Structures are given as C-alpha cells and as structure tokens.
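Visitor: Each chain, written out:
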Amino acid sequence: MGRYVARRLLIAIPTLLAISFVMYAILALAPIDPLSQFGADPRVPPEVREHIRQALGLDQPWPIRYVKWVTAFVRGDFGVSFMSHASVGDLIWQRLPNTLAVVGVAYIVGVLIAIPAGLISSVRRNSPVDHTISLFAYAGFSVPTFFTGILLIIIFSIKLRWLPFIYDSNLKITDLGSLVEQFRQSVMPIAVLGLFDAAILTRYIRAEMLEHLPLDYVRTARSKGLLERAVVIRHVLRNSLIPVVTLIALGVPAVFGGAIVTEQVFHVPGIGELLVTSIGTGDTPVIASVVMIFAVLVVLFNLIADVLYAVLDPRIKYA
Amino acid sequence: MGAIAMLVAACGQSQGPSASASTGASASATPAARGAGGDLKILYWQAPTILNPHQATGTKDNDASRLVIEPLAAFDNDGNAVAVLAQEVPTVANGGVTADFKQVTWKLKQNVKWSDGTPFTASDVEFTYKYICDPKTAASTADRCEGVDSVTAKDPNTVVVKYKDTNPFFYQVGVGFSNGILQQAQYKNCVGDAAKNCPADLKPIGTGPYMVKDFKPGDTVLYDMNPNYRDANKPFFKSVTFKGGGDAAASARAVCQTGDTDYGWNLQVEATVLKPMAAAADSKCTLLTNYGSSVERILLNFSNPDPSLGDNRGEPSTKHPFLSDIHVRRALAMATDRNAVAVQLYGDGLAGKATCNILTAPAPMVSKATDSLDVCKFDKAAAEKELQDNGWVKGSDGVRAKNGVRLELSYRTTVNAVRQKTQDIMKANWESIGFKVNLLSVPASTFFTNTSPDGANHFWTDVEMYTNSGDPDPTSYFLSGWTCNQIAQKSNNWQLGNYARYCNQAFDDVVAQLKKETDQNKRNQLAQQANDILVKDVAIIPLISRVAPTASGVSKSLKGIKVSVWDSEMWNIADWSK
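Sequence order for the protein chains is A and B. Each residue of the first sequence is one higher than the last, beginning at 1 in the numbering used here. Each residue of the second sequence is one higher than the last, beginning at 1 in the numbering used here.
Please note: incorrect hints may appear among the correct ones.
[Claimed, not checked] One-sided and incomplete, this derived list gives chain B residues near chain A with beta-carbon spacing under 7 Å:
#	residue
1	G259
2	P305
3	S308
[To be verified] Sample of chain A residues facing chain B (criterion: CB under 8 Å; computed from the structure):
#	residue
4	I166
5	E273
6	V276
[Said to hold, decoys possible] Each computed DSS-like pair below joins lysine-lysine, with the alpha-carbon atoms no more than 30 Å apart:
#	chain 1	residue 1	chain 2	residue 2
7	B	K203	B	K188
8	B	K188	A	K172
9	B	K238	A	K172
Derived from the structure by calculation, the hints contain no laboratory data. Everything numeric in this text was worked out from a predicted model, so none of it was measured. All C-beta atoms in this analysis are idealised placements derived from N, C-alpha and C, irrespective of residue type, glycine included.
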C-alpha cells in the first residue's frame with residue numbers, strides 16, 4: 001500500500017506540470033487583457049497603458065513568464081495580484097473561510113440529507129415517499145442554482161424581509177447573537193447548494209441500494225432472522241456506500257473551488273467569486289494560482305478516494 | 001472674468017454642505033457631532049481592489065480611496081473647484097494663477113494632519129507628483145503630468161505648479177479624483193519599480209474624514225473616523241462599510257427595496273425594472289441622475305479605410321470615397337433618430353437623453369444654437385432629398401450610388417447590449433434612405449487599444465461609435481479630438497485623439513483662440529462656436545448625453561449628498577448625514 005501511494009504521488013508530479021503548462025498557455029493565448037480595465041476608459045493615454053504593461057511584466061514572452069511563475073509557485077510564492085497589488089496567497093486565505101462556511105457546510109448538509117433520503121426511497125421503492133424524494137432530487141439538479149437563489153431572495157429577503165441577502169464577511173462569531181446572524185446570512189446559500197448536492201447523491205445512493213437489495217447475502221441475512229432495520233443499515237447500506245464514499249471524496253475539491261454562481265448571487269466573497277472576477281479583469285496571477293490549487297486538490301483527492309476504496313472493500317488490493 | 005467670479009463663489013459655497021449636514025443631523029442628535037451617526041453602508045457591485053487612487057483600475061477604486069485620500073481641491077457639479085486641502089482655490093483674480101495660465105500657486109490649509117497624527121505639508125504634494133510622474137511607477141493617473149514642468153514645495157504651506165505651455169485647464173494638477181495626495185513618509189519607498197508591490201496601497205494613510213480599518217481586496221473596506229480630521233464636527237458617521245460584489249440588480253434591490261444598504265452605486269438595470277422599483281410607494285431610495293460631459297457619439301471617417309490601400313489605409317493623406325461629401329454626412333445626420341435611442345434604450349432620461357451637442361457641460365459653455373439646425377432634426381424625407389439632389393441615386397438594390405461609388409458603410413462599436421440595439425436603430429433608418437450598413441462589434445478591451453487594427457484609434461471602418469467626455473475646461477477635449485495636428489495615424493502609432501482624421505482650419509482657429517483667451521464670457525462663446533462648427537459640418541454625430549458618473553441609488557434618509565459629474569461620487573462624504 002505504501003509503495004502504491006508513493007508511486008501515485010510520483011506520477012502526480014508530471015501530471016500537475018502538464019496541467020499547469022496547458023492552463024498557463026490557455027491563459028496567455030486567451031483574449032483576456034489585464035489592461036482591459038484601463039482600456040475601457042479612453043482617457044487613459046496609450047503610453048501610460050504601455051508603462052503599466054511593462055510594470056506588470058507583460059512585455060515578456062509568455063513561456064518565460066510561465067517558467068518564472070511555475071518555479072515561484074513550487075516554492076510556495078503565488079505571486080502578486082495585478083489588480084490589488086496584494087499577495088495572491090493572502091487573497092485566497094481571506095476568502096477560504098467564507099467558502100468553507102457556505103460551500104463546505106452546504107456539502108455536509110447535502111450528504112447528511114442524501115444518505116437517509118436515498119435509503120428511504122430505495123427501501124420504499126415506488127411508494128409515495130419515494131416519488132416525493134425523487135421529485136425533489138430531479139428538481140434539485142435540474143433547476144439551476146441562480147434561479148433557486150434569486151427565488152429565495154425574492155421570497156425571504158424582499159417579500160418577507162426575514163433574511164439578509166448580502167453576505168457580511170466581517171461578521172465575527174463571538175456570542176449567540178452573532179451565531180444567529182451567521183445562520184441567517186448563510187442559510188439561503190447553504191439551502192441552495194445543499195439541495196443541489198443532496199439531489200445528485202440521493203440518486204446515487206438509491207441506485208446503489210437497489211442493486212444490493214436483491215443480492216444473496218441480503219437474503220441470507222434476512223433468513224438468519226435479523227431485523228429488517230439491521231439488514232438494511234448494517235449490511236446493505238454499508239456495502240452500497242463504498243462507491244458513494246469515493247464519490248463524496250471526489251467532490252471535496254469542488255468545495256474548495258467555491259460555488260461560482262451562488263457566491264455571486266448572495267455576495268459571498270469566496271474562492272469562486274475571486275476566480276470569476278479575476279477572469280473578468282484578466283488578473284492572471286490570481287487565476288493561475290486558484291486553478292493550480294484546484295488541480296492539486298483534484299489529484300490529491302483522487303488518490304485519497306482510491307485508498308479509501310481499498311480500506312472499505314477488503315477485496316481490493318493495490319500492489 | 002466670469003469663471004473667476006464663479007470660482008470664488010464656489011469657494012464660499014463649500015460651506016454650504018456643512019450647513020445642510022448639520023440641519024440634517026439636528027433631527028436625531030444635537031448639532032452634527034462627529035461620529036453621531038452609526039455605520040454608513042455603501043454597496044458597489046464592482047468591488048474595490050486597491051486603495052491608492054494612482055494605481056486604480058476603475059471608478060470603484062477611486063471612490064473607495066476618496067474617503068481617505070484627498071486632492072487639493074474637488075470639482076463640484078458645475079465644474080467649479082472647491083478647496084479641500086488648499087486654503088483657497090487659486091484663480092487669476094486672487095493672484096494664484098498667472099495671466100498666461102502657466103503657473104499656479106497653491107496655498108495649503110494650516111495644521112492639517114494625516115490620520116496618524118503627523119503634519120501634512122507641501123513636500124507631501126511635491127512627492128505625490130514625483131510618484132505619479134515617474135513612468136516606472138506606471139500610475140494610471142499619469143496623464144496629470146502631461147505638459148507639467150514642475151511641482152515644487154516653496155515652503156511648508158505653498159506649492160507651485162509650472163506648466164510648460166499655456167494651459168487653460170490649469171487645475172489639471174491639484175483638482176479632482178486623479179490628484180489624491182499621498183503621504184510621503186508612507187510611500188517614499190514605493191516610487192518607480194517598487195510601486196507594483198507596495199503594501200501601503202492596501203492601507204494608505206490619508207487626510208480624509210475616514211481611515212482604513214480593514215481591507216479585503218475584492219470584497220469589503222471597513223473605515224473608522226479619522227480622529228485627526230481637520231473639521232471637529234465631521235464626519236457624521238462613526239464608521240463606513242464599503243461592500244463590493246454581486247450585480248447591479250441586487251444593488252438596486254438592496255437600496256430601494258430592502259434598505260440593506262444606504263448607497264447603491266451605478267444601478268445599470270433596465271429602465272423598465274429600475275423605474276418602478278424606485279417609484280414604488282414603499283421605495284426606500286431616490287435615484288441620482290446627473291448629466292455631465294459624457295456623450296455617446298458616432299464618428300464619421302474622413303480618411304479611406306479600404307484595406308486595398310495597404311500601408312496607406314486610413315492615413316490622413318487619403319480621402320473617404322463618400323463621407324468626404326458634406327451632403328452624405330448631412331443625410332446620415334438627418335436620418336439619425338436619437339430620440340428613439342434615448343427613449344427605448346436609455347430609459348428616457350434615466351441613463352441618458354438625446355443631444356445634438358458634442359460639448360454638454362459645463363452649462364455656460366453648452367450651445368443652444370444646435371437645437372434649430374436641420375442636421376439635428378430627424379427628417380428622413382429631407383435626408384433623401386439631400387442625397388437625391390446631389391446625384392446620389394438609388395440603384396436596383398435600393399442602395400444609392402454616384403459615379404460608381406456605392407453608399408455602403410461599415411459601423412463598429414464595442415460589444416454591449418445597448419450599443420448593439422443602437423446600431424440596429426441606426427441601420428434601419430440609414431438603410432431606409434439608401435445606405436447599406438454592415439454592423440461590427442468588438443470587445444471594449446480590443447476597441448480601446450491603440451495597437452489593435454479593430455480599435456477606435458485605427459478607425460479602419462467608415463463609422464464607429466463610443467462615449468467620451470472632457471474636463472471642466474473643454475480646451476483639450478476639442479484640441480485632441482478634432483484639430484489637424486492631432487490626427488491618429490501610423491507615424492504616431494495611433495496615439496493621438498483625432499481618430500476621424502478631421503481637419504478644418506476654421507475649427508483650428510477657434511481652438512487656438514480658446515487656448516489663449518482668459519476672459520470667461522469669451523471662452524464660453526468660443527467653446528460654443530467650436531461645438532457648432534463640428535455639428536454643422538457633421539464632423540461627428542452626437543447622440544446621447546449620458547448620465548454621469550452613473551445613476552446611483554441613495555437611501556431616502558441620507559442627507560448632504562452632492563453628486564459631481566467631474567469628481568468622485570464620494571467627494572463630499574464628510575458632509576453626509578442621516
């Protein structure tokens with residue numbers, strides 16, 4: 001197992017280098033321009049723009065910029081944002097708590113809803129409960145989050161005036177009052193994202209359970225005289241969760257990547273929002289670092305998922 | 001000397017806002033005490049990313065920095081300078097400006113302190129311009145240094161600005177949002193190459209009513225009152241939260257419907273949505289609409305953009321096959337339905353109104369003569385007659401031609417929903433009188449780049465459209481936009497401002513007079529004359545006078561706001577109250 005992990009980690013290095021090169025090449029060749037912000041104002045004279053371009057190092061050819069960037073990245077230096085002159089590491093660090101508080105919590109909520117929902121709907125297959133859960137699941141992943149988000153804002157913020165829709169990233173949780181405030185400002189985005197995550201997972205769990213329920217080992221368990229509850233939870237669910245756990249692990253990097261649309265709708269200054277605004281302003285150091293961190297996480301969690309698979313299913317052995 | 005009288009009056013008026021601020025506050029508290037108000041909430045859907053106005057990449061940064069960093073004087077809505085860090089605004093009458101407009105002496109207020117308690121002096125001003133004018137600093141405000149000979153501290157309270165040449169816009173240095181004064185002590189190691197990675201840009205020390213408490217770039221700025229602010233009774237609000245992000249529609253909801261914020265910037269929302277929102281019975285906002293010098297205009301190419309000309313394409317030595325004919329230009333102008341554009345696309349006054357002037361502010365310089373001109377009236381029959389009478393006859397395909405030259409034109413602008421709809425309206429009208437119009441659009445970043453063949457500077461199409469605006473003094477606006485030696489061409493790398501390659505001696509003469517004239521009444525007349533020449537000669541087709549800076553929404557309970565189209569929206573935030 002140890003050798004397997006070591007080998008996978010070694011393979012990850014060229015993979016990540018290839019990803020970084022392709023990403024940087026796309027960024028360099030794409031028609032995004034850090035000076036577009038200046039360009040929108042015809043009063044900024046062209047020679048001033050030229051000086052700015054030089055100051056940002058954009059007068060060098062992109063392969064040279066790539067080598068400089070990648071060597072700095074490996075050393076943990078993510079560079080300096082073109083737009084704010086702040087270190088990219090600081091920018092990401094400032095936004096990570098917001099993303100985790102909203103997208104991360106939503107993911108946990110989604111998983112906590114999906115497991116019982118998937119279980120019930122498979123055991124009570126074709127019952128009204130199953131139909132209701134399935135309806136919610138289909139609605140959850142077919143209605144886009146920007147729609148549900150705005151719908152919730154119109155109902156709960158504008159009509160009922162119960163909840164704020166502008167996320168305050170400076171709120172510090174010190175007492176019960178501020179905890180309630182944090183709950184009020186994050187409940188809508190969490191609901192939107194949680195419903196979406198839960199919808200997909202519910203369908204997976206249901207399908208996986210249905211596959212296991214008619215199998216021989218389940219019949220054996222029943223014939224031993226075990227309670228139905230014990231059969232379903234201890235035997236069927238446990239086996240059905242093996243592929244689901246890997247699925248959940250693979251979804252974790254997406255949490256760190258933030259939720260681009262939902263963060264925008266609720267003014268949550270998270271990683272996704274940072275990525276989108278940076279793409280809009282052509283802030284390449286920020287885009288490159290966020291995308292690269294995301295790539296590292298994907299590779300890492302792929303490995304974790306594979307390892308988990310072996311741990312959960314003793315039949316699988318890596319050598 | 002009308003301007004001077006106005007300027008002096010403006011200095012007197014600078015006391016005005018404080019009076020209104022105190023009346024506003026007296027309802028809730030005893031005379032406007034410093035910090036009597038709570039937290040002021042401002043929402044910008046573009047978040048500030050940097051707080052140094054000289055490294056700003058947009059209005060959001062300029063506005064967020066203005067609470068902290070101040071210029072010597074501000075511009076009010078009439079284009080008059082109002083003293084901020086200066087004791088008084090220098091004019092020719094008070095001896096602050098020499099009669100040849102070459103030298104300006106600024107007397108600074110005594111005993112002004114930076115928020116860290118250290119004294120503000122003339123050497124901070126001198127240093128600031130050293131910082132901006134160093135090309136390596138790559139300041140986005142470096143245009144302030146153009147034509148400036150020197151900015152020197154004569155003594156701790158006097159700054160002398162010398163221009164290389166007569167400069168009728170002698171407030172270029174010192175007044176307005178691109179002239180914020182930085183603290184020398186904080187910025188001394190940030191000049192030139194070091195400017196790009198300067199921690200001070202995220203937490204600048206200023207003289208303004210507020211100071212930065214915490215700044216998360218791209219998200220929120222938190223400000224506290226500046227304890228060393230020079231006016232003991234200001235500011236009214238104890239703190240300010242400047243939140244960024246979201247979109248214009250959400251900002252409109254927050255300021256007009258829920259009242260979650262006190263100030264919502266730039267509510268670029270469709271008029272059919274925004275108008276009822278602001279007018280609703282339970283609306284919590286009013287909309288600020290101010291017209292400045294921003295004009296959406298259509299440029300007509302006087303050179304020949306035909307690609308077959310190779311290196312000569314669009315050079316001033318060439319002549320446009322049909323736009324060089326005044327009758328064709330007049331016909332285009334008469335078939336321009338600017339009212340339809342204003343009503344259908346600019347919310348009929350919400351975001352813009354129809355105009356036939358290319359200079360729309362300041363008010364005394366705006367021409368009234370254009371209203372009665374035939375080229376300013378939408379009259380397709382007259383346009384057709386003009387073409388018909390001058391030999392442009394319709395062919396079998398409905399397109400007019402003369403001596404083998406067809407009236408087929410290309411029309412480029414930026415990618416923008418309103419602009420594409422404007423193009424559609426123009427195309428429909430122009431085609432109905434016998435033109436063939438091919439529409440083109442490119443991203444704004446491409447359009448406003450002098451290096452791009454698809455850019456406005458190259459102008460390799462027949463017609464193009466965008467918005468531009470001028471300073472409170474229009475001399476450089478006219479000079480760079482339409483005079484003969486400012487023609488953008490290959491030899492100057494398309495860096496000059498006369499994109500249309502227009503050249504008219506009569507116009508150049510008027511601008512030359514405007515450059516020298518010191519009598520304000522005569523200056524106003526000359527500016528109107530310059531405007532009228534361009535409009536009559538159809539050197540350009542003015543379309544829409546746009547609301548500027550923007551239509552922001554303000555909570556009905558907020559008092560003391562005076563928007564200025566020439567300066568940052570936040571210019572008098574010290575006077576705001578509830």
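Visitor: Are the hints correct? Go through all of them and say.
Guide: Outcome of the hint check:
1. Because the beta carbon of G259(B) sits about 9 Å from the nearest beta carbon in chain A, more than 7 Å, this interface hint is broken.
2. Residue-level restraint check for P305(B) is violated (minimum Cβ-Cβ distance to chain A is 19 Å; threshold 7 Å).
3. Nearest Cβ of chain A to the Cβ of S308(B): about 27 Å, over the 7 Å cut. The hint is violated.
4. The beta carbon of I166(A) is positioned within 8 Å of a beta carbon in chain B (closest approach about 6 Å), and the interface hint is therefore held.
5. This hint holds: E273(A) has a C-beta 6 Å from the nearest C-beta of chain B, less than the 8 Å allowed.
6. For V276(A), the suggested interface contact is broken, since its CB lies about 10 Å from the closest CB of chain B, more than 8 Å.
7. Taking the CA atoms of K203(B) and K188(B), the gap is about 15 Å. The hint holds against a cut of 30 Å.
8. A C-alpha spacing of about 35 Å is found between K188(B) and K172(A), which places the hinted pair above 30 Å, so the restraint is violated.
9. Only pairs whose Cα atoms come within 30 Å are accepted, and K238(B) paired with K172(A) is accepted, the gap being roughly 19 Å.
Against the hints set out earlier in the document, violations occur for numbers 1, 2, 3, 6, 8.
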